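**Q** Please construct the entire structure, taking both the sequences and the accompanying hints into account.
Same order as they appear, the protein sequences are chains A and B. Read in order, the letters of the first sequence are residues 1 to 462 in the UniProt record's numbering. Read in order, the letters of the second sequence are residues 1 to 462 in the UniProt record's numbering.
Derived by calculation from the structure, the hints in this document are not laboratory data. Any given hint could turn out to be false.
[Stated by the list, open to error] With a straight-line cut-off of 30 Å between C-alpha atoms, the simulated DSS-like cross-links for lysine-lysine are:
hint: 1; chain 1: B; residue 1: 327; chain 2: A; residue 2: 217
hint: 2; chain 1: A; residue 1: 321; chain 2: B; residue 2: 344
hint: 3; chain 1: A; residue 1: 217; chain 2: B; residue 2: 115
[Stated by the list, open to error] Some, not all, of what chain B presents toward chain A, calculated at C-beta under 8 Å:
hint: 4; residue: 230
hint: 5; residue: 300
hint: 6; residue: 311
hint: 7; residue: 323
hint: 8; residue: 333
hint: 9; residue: 359
hint: 10; residue: 434
[As the list claims (entries may be wrong)] Computed beta-carbon distance windows for the label pairs:
hint: 11; chain 1: B; residue 1: 35; chain 2: A; residue 2: 366; range: 34 to 42 Å
hint: 12; chain 1: A; residue 1: 194; chain 2: B; residue 2: 253; range: 52 to 60 Å
hint: 13; chain 1: A; residue 1: 362; chain 2: B; residue 2: 415; range: 40 to 48 Å
hint: 14; chain 1: B; residue 1: 59; chain 2: A; residue 2: 358; range: 51 to 59 Å
hint: 15; chain 1: A; residue 1: 165; chain 2: B; residue 2: 64; range: 51 to 59 Å
These figures come from a predicted structure and were not determined experimentally. Every residue, glycine too, gets a C-beta built ideally from N, C-alpha and C.
If you want the building blocks of each chain, they are given just below.
2 protein chains.
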Amino acid sequence: MSLESVLARIDSDLPAATDRLLELLRIPSISTDPAFKDACQSAADWLVADLTSLGVRASKRDTPGHPMVVGHVEGPEGQDVPHLLFYGHYDVQPVDPLNLWDRDPFDPAIEDTAKGKVIRGRGAADDKGQLMTFIEACRAWKAEHGALPCKITFFLEGEEESGSPSLVPFMQENAEELTCDLALICDTGMFNPSTPALVTMLRGLLGEELTITGPAKDLHSGMYGGIARNPIRVLSSVIANLHDAEGRVTVPGFYEGVPDLDPELKAQWDGLDFEPESFLGEVGLSQPAGETDRSGLEQIWSRPTCEVNGIWGGYTGEGFKTVLPSKAQAKISFRLVFQQDPLKIRESFRAYVQSMLPPDCTVDFHGHGASSAGIMETSAPSFEQARQALSDEWPEAAAYVGCGGSIPIAGHFKKILGMDAMLIGFGNDDDQIHSPNEKYDLNAFHKGMRSWARVLEALTRG
Amino acid sequence: MSLESVLARIDSDLPAATDRLLELLRIPSISTDPAFKDACQSAADWLVADLTSLGVRASKRDTPGHPMVVGHVEGPEGQDVPHLLFYGHYDVQPVDPLNLWDRDPFDPAIEDTAKGKVIRGRGAADDKGQLMTFIEACRAWKAEHGALPCKITFFLEGEEESGSPSLVPFMQENAEELTCDLALICDTGMFNPSTPALVTMLRGLLGEELTITGPAKDLHSGMYGGIARNPIRVLSSVIANLHDAEGRVTVPGFYEGVPDLDPELKAQWDGLDFEPESFLGEVGLSQPAGETDRSGLEQIWSRPTCEVNGIWGGYTGEGFKTVLPSKAQAKISFRLVFQQDPLKIRESFRAYVQSMLPPDCTVDFHGHGASSAGIMETSAPSFEQARQALSDEWPEAAAYVGCGGSIPIAGHFKKILGMDAMLIGFGNDDDQIHSPNEKYDLNAFHKGMRSWARVLEALTRG
Numbered sequence: 001m002s003l004e005s006v007l008a009r010i011d012s013d014l015p016a017a018t019d020r021l022l023e024l025l026r027i028p029s030i031s032t033d034p035a036f037k038d039a040c041q042s043a044a045d046w047l048v049a050d051l052t053s054l055g056v057r058a059s060k061r062d063t064p065g066h067p068m069v070v071g072h073v074e075g076p077e078g079q080d081v082p083h084l085l086f087y088g089h090y091d092v093q094p095v096d097p098l099n100l101w102d103r104d105p106f107d108p109a110i111e112d113t114a115k116g117k118v119i120r121g122r123g124a125a126d127d128k129g130q131l132m133t134f135i136e137a138c139r140a141w142k143a144e145h146g147a148l149p150c151k152i153t154f155f156l157e158g159e160e161e162s163g164s165p166s167l168v169p170f171m172q173e174n175a176e177e178l179t180c181d182l183a184l185i186c187d188t189g190m191f192n193p194s195t196p197a198l199v200t201m202l203r204g205l206l207g208e209e210l211t212i213t214g215p216a217k218d219l220h221s222g223m224y225g226g227i228a229r230n231p232i233r234v235l236s237s238v239i240a241n242l243h244d245a246e247g248r249v250t251v252p253g254f255y256e257g258v259p260d261l262d263p264e265l266k267a268q269w270d271g272l273d274f275e276p277e278s279f280l281g282e283v284g285l286s287q288p289a290g291e292t293d294r295s296g297l298e299q300i301w302s303r304p305t306c307e308v309n310g311i312w313g314g315y316t317g318e319g320f321k322t323v324l325p326s327k328a329q330a331k332i333s334f335r336l337v338f339q340q341d342p343l344k345i346r347e348s349f350r351a352y353v354q355s356m357l358p359p360d361c362t363v364d365f366h367g368h369g370a371s372s373a374g375i376m377e378t379s380a381p382s383f384e385q386a387r388q389a390l391s392d393e394w395p396e397a398a399a400y401v402g403c404g405g406s407i408p409i410a411g412h413f414k415k416i417l418g419m420d421a422m423l424i425g426f427g428n429d430d431d432q433i434h435s436p437n438e439k440y441d442l443n444a445f446h447k448g449m450r451s452w453a454r455v456l457e458a459l460t461r462g
Numbered sequence: 001m002s003l004e005s006v007l008a009r010i011d012s013d014l015p016a017a018t019d020r021l022l023e024l025l026r027i028p029s030i031s032t033d034p035a036f037k038d039a040c041q042s043a044a045d046w047l048v049a050d051l052t053s054l055g056v057r058a059s060k061r062d063t064p065g066h067p068m069v070v071g072h073v074e075g076p077e078g079q080d081v082p083h084l085l086f087y088g089h090y091d092v093q094p095v096d097p098l099n100l101w102d103r104d105p106f107d108p109a110i111e112d113t114a115k116g117k118v119i120r121g122r123g124a125a126d127d128k129g130q131l132m133t134f135i136e137a138c139r140a141w142k143a144e145h146g147a148l149p150c151k152i153t154f155f156l157e158g159e160e161e162s163g164s165p166s167l168v169p170f171m172q173e174n175a176e177e178l179t180c181d182l183a184l185i186c187d188t189g190m191f192n193p194s195t196p197a198l199v200t201m202l203r204g205l206l207g208e209e210l211t212i213t214g215p216a217k218d219l220h221s222g223m224y225g226g227i228a229r230n231p232i233r234v235l236s237s238v239i240a241n242l243h244d245a246e247g248r249v250t251v252p253g254f255y256e257g258v259p260d261l262d263p264e265l266k267a268q269w270d271g272l273d274f275e276p277e278s279f280l281g282e283v284g285l286s287q288p289a290g291e292t293d294r295s296g297l298e299q300i301w302s303r304p305t306c307e308v309n310g311i312w313g314g315y316t317g318e319g320f321k322t323v324l325p326s327k328a329q330a331k332i333s334f335r336l337v338f339q340q341d342p343l344k345i346r347e348s349f350r351a352y353v354q355s356m357l358p359p360d361c362t363v364d365f366h367g368h369g370a371s372s373a374g375i376m377e378t379s380a381p382s383f384e385q386a387r388q389a390l391s392d393e394w395p396e397a398a399a400y401v402g403c404g405g406s407i408p409i410a411g412h413f414k415k416i417l418g419m420d421a422m423l424i425g426f427g428n429d430d431d432q433i434h435s436p437n438e439k440y441d442l443n444a445f446h447k448g449m450r451s452w453a454r455v456l457e458a459l460t461r462g
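**A** Right under this line is the structure:
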């Protein structure tokens with residue numbers, strides 16, 4: 001039986017697969033720091049070589065930033081199977097603060113922990129370990145069957161952790177080459193360690209930076225305190241007024257294009273074992289702080305938000321300085337859902353802030369990213385096929401879930417290439433991605449490979 | 001006539017007096033920066049030598065920080081005249097940002113400007129130029145009369161710009177030596193360039209630093225945005241709620257001990273040529289932002305305030321990071337008036353902030369300075385004598401004014417030595433103290449010396 005032998009091969013090859021991952025993890029491919037430019041090249045070279053060893057026609061493709069790795073491989077002759085694209089990213093987050101790591105982030109190792117063996121190192125979960133689950137599944141398939149089950153295009157990025165500046169232009173310039181029937185993306189997580197997940201709803205993201213100016217220069221609060229407009233107080237009022245007492249965002253028109261959740265999906269979510277108290281308990285909190293009339297999963301998956309990510313103004317050093325500052329600034333981001341229009345919300349937000357300003361204040365805005373939410377086409381048969389395949393591998397049935405974060409790549413595939421995407425990943429909440437001591441469960445790595453073998457089989461069964 | 005000859009001597013000696021001041025200004029006695037410790041010693045030495053040349057028994061007195069300069073001189077025998085203390089400070093503010101200075105801050109010079117000649121350099125107005133107005137007046141008096149008109153104790157500090165850590169202990173240890181009949185303090189300004197002022201109301205200062213903690217660590221706003229408590233939003237709400245719509249501070253009990261202004265003084269203030277629009281216009285503002293039912297002078301002189309001097313939290317660097325931070329912090333200061341009790345207000349403020357916190361938030365407080373307001377005993381005859389003397393020198397009659405800032409020394413003299421203080425100074429609003437390009441008008445220096453000669457004459461006329 002074709003799948004069983006691939007799974008057995010994956011099991012017996014686990015030590016070698018782990019060694020290959022450790023090798024890739026040793027390359028410090030931090031994309032955001034120019035000092036690691038060569039390492040990004042090395043990681044791309046490593047992947048080109050590894051894909052080539054699988055019979056993939058792979059190459060490193062230059063961009064103004066770090067290179068893309070693109071590879072193509074044919075499937076068996078004469079079968080009517082989909083042409084799949086696989087996406088992952090080989091770049092990793094910076095590692096500071098380095099002193100909070102228990103080991104060199106780029107000297108990865110297998111560690112025994114109370115919860116089982118983990119692969120510890122920067123990029124283990126985000127995203128090198130994840131992308132290798134797919135490549136290893138392909139390797140086992142190729143070894144057992146001499147060819148992959150379908151035509152596959154590999155598309156590996158090196159700038160995901162630094163805003164993907166080259167991604168859209170590259171996709172536009174190479175649209176024909178990259179267009180397949182379906183994209184598989186491995187950069188997400190499990191619902192919990194025993195419940196696999198397909199992410200079918202992604203929140204969009206709108207970033208705004210605002211600078212409120214009052215006096216023309218910093219003033220002494222003795223001389224001017226009381227009579228002069230203080231931009232920190234103005235900014236605080238603006239922020240305090242962005243939500244009402246029920247936790248709803250007050251920006252006019254904000255909820256346009258935000259329907260209530262489909263009752264069937266809501267029922268599925270209500271059936272998931274999600275306790276806001278324990279989800280929040282892990283970060284020292286106990287009560288959901290969002291819209292008072294929405295469940296915890298709705299708050300993080302299907303409801304839009306407005307958060308302040310940074311604020312600063314005046315004197316922030318040691319001791320005290322009685323300055324009355326000229327400016328106060330904040331970075332504010334919105335998570336968007338369903339059909340919310342980021343550019344319309346940007347406009348409405350800016351007008352709303354303007355309308356709240358007292359006399360003698362001005363505001364300047366600087367826009368950061370603006371991406372719509374992503375909603376997957378779960379009515380396509382491939383989604384139920386993949387869901388069943390994942391359910392076969394793991395203790396619990398796979399779930400369609402939302403994702404609070406933004407993974408713009410899925411939207412790009414849809415918009416630029418007209419291609420649907422399926423987001424499957426094996427990360428866990430405690431993987432510490434973007435933080436010190438990042439890890440990937442060895443079990444996630446192993447069963448991740450097995451999951452992909454099952455998904456490939458299910459999608460190409462014909 | 002004894003005063004006229006002193007005034008003439010001051011006039012003829014102006015070039016030499018200016019040279020002496022330039023010499024003192026060349027010593028970079030920045031008290032807050034340990035790199036300038038030796039310079040503070042040199043400034044103290046310079047003053048000891050200069051006072052000694054006047055026949056003052058002066059010496060440098062060690063403290064755990066920078067030294068005090070203390071000197072004593074006798075007046076004429078057998079006259080019933082007050083024993084005066086003169087206070088000033090020889091330390092200066094740091095000079096950064098250095099690139100905003102048009103010349104080396106410690107290479108002072110006389111410059112011609114559209115408004116007349118100025119002495120440009122760090123410390124010219126705050127406080128070396130001011131303290132020298134008094135010493136030069138004494139020098140001229142001594143030269144003309146062979147002795148000063150009364151017994152004078154000189155008390156010059158070197159830590160005023162860095163919080164005066166040694167001041168209170170030194171005063172306590174040397175209380176007997178320092179106790180006189182009246183203290184003269186030269187560290188304040190004119191009401192305007194033609195109207196001299198005696199500061200008779202000083203606002204007190206209470207500093208509080210608060211840290212609001214929500215989640216135990218920084219979170220990703222994709223994963224937790226909406227459901228997790230954001231301390232920046234909590235802090236913003238707290239700050240927004242510290243004032244009501246009329247600009248009044250909402251801290252319970254805040255206005256205890258704050259009477260309405262004495263009608264006579266209010267009438268005097270209303271008669272002063274103060275246009276909030278032009279006061280604010282110089283710093284790019286146009287409308288008073290304080291209590292809506294109080295005049296501009298009340299807002300800055302006799303009403304208490306609550307201002308935010310600094311705020312920070314989350315990601316404040318270039319670009320965008322969708323962090324949901326664990327902590328948000330602010331530095332808040334209160335200017336206090338009349339009988340407001342700083343410690344009671346601190347307690348009330350802390351309880352009030354606590355009461356505003358939503359679930360899952362904690363707050364830590366760190367107290368900075370806490371000083372009461374200072375109210376001078378203007379009913380003492382010496383005040384009217386000095387006011388007349390100043391009025392004789394300048395185009396406009398001298399005014400009793402308030403001061404928005406805090407000059408704790410006056411309170412210390414009262415509390416520790418039981419001695420009233422009189423604050424007379426010749427600074428102007430455009431002196432740029434604490435900022436680049438500090439200056440002192442040559443006219444202020446010249447007429448300041450003449451003013452002191454007149455005040456000395458008036459207070460010792462008998």
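**Q** If you test the structure against every hint from before, which numbers come out violated?
**A** Result: no hint breaks.
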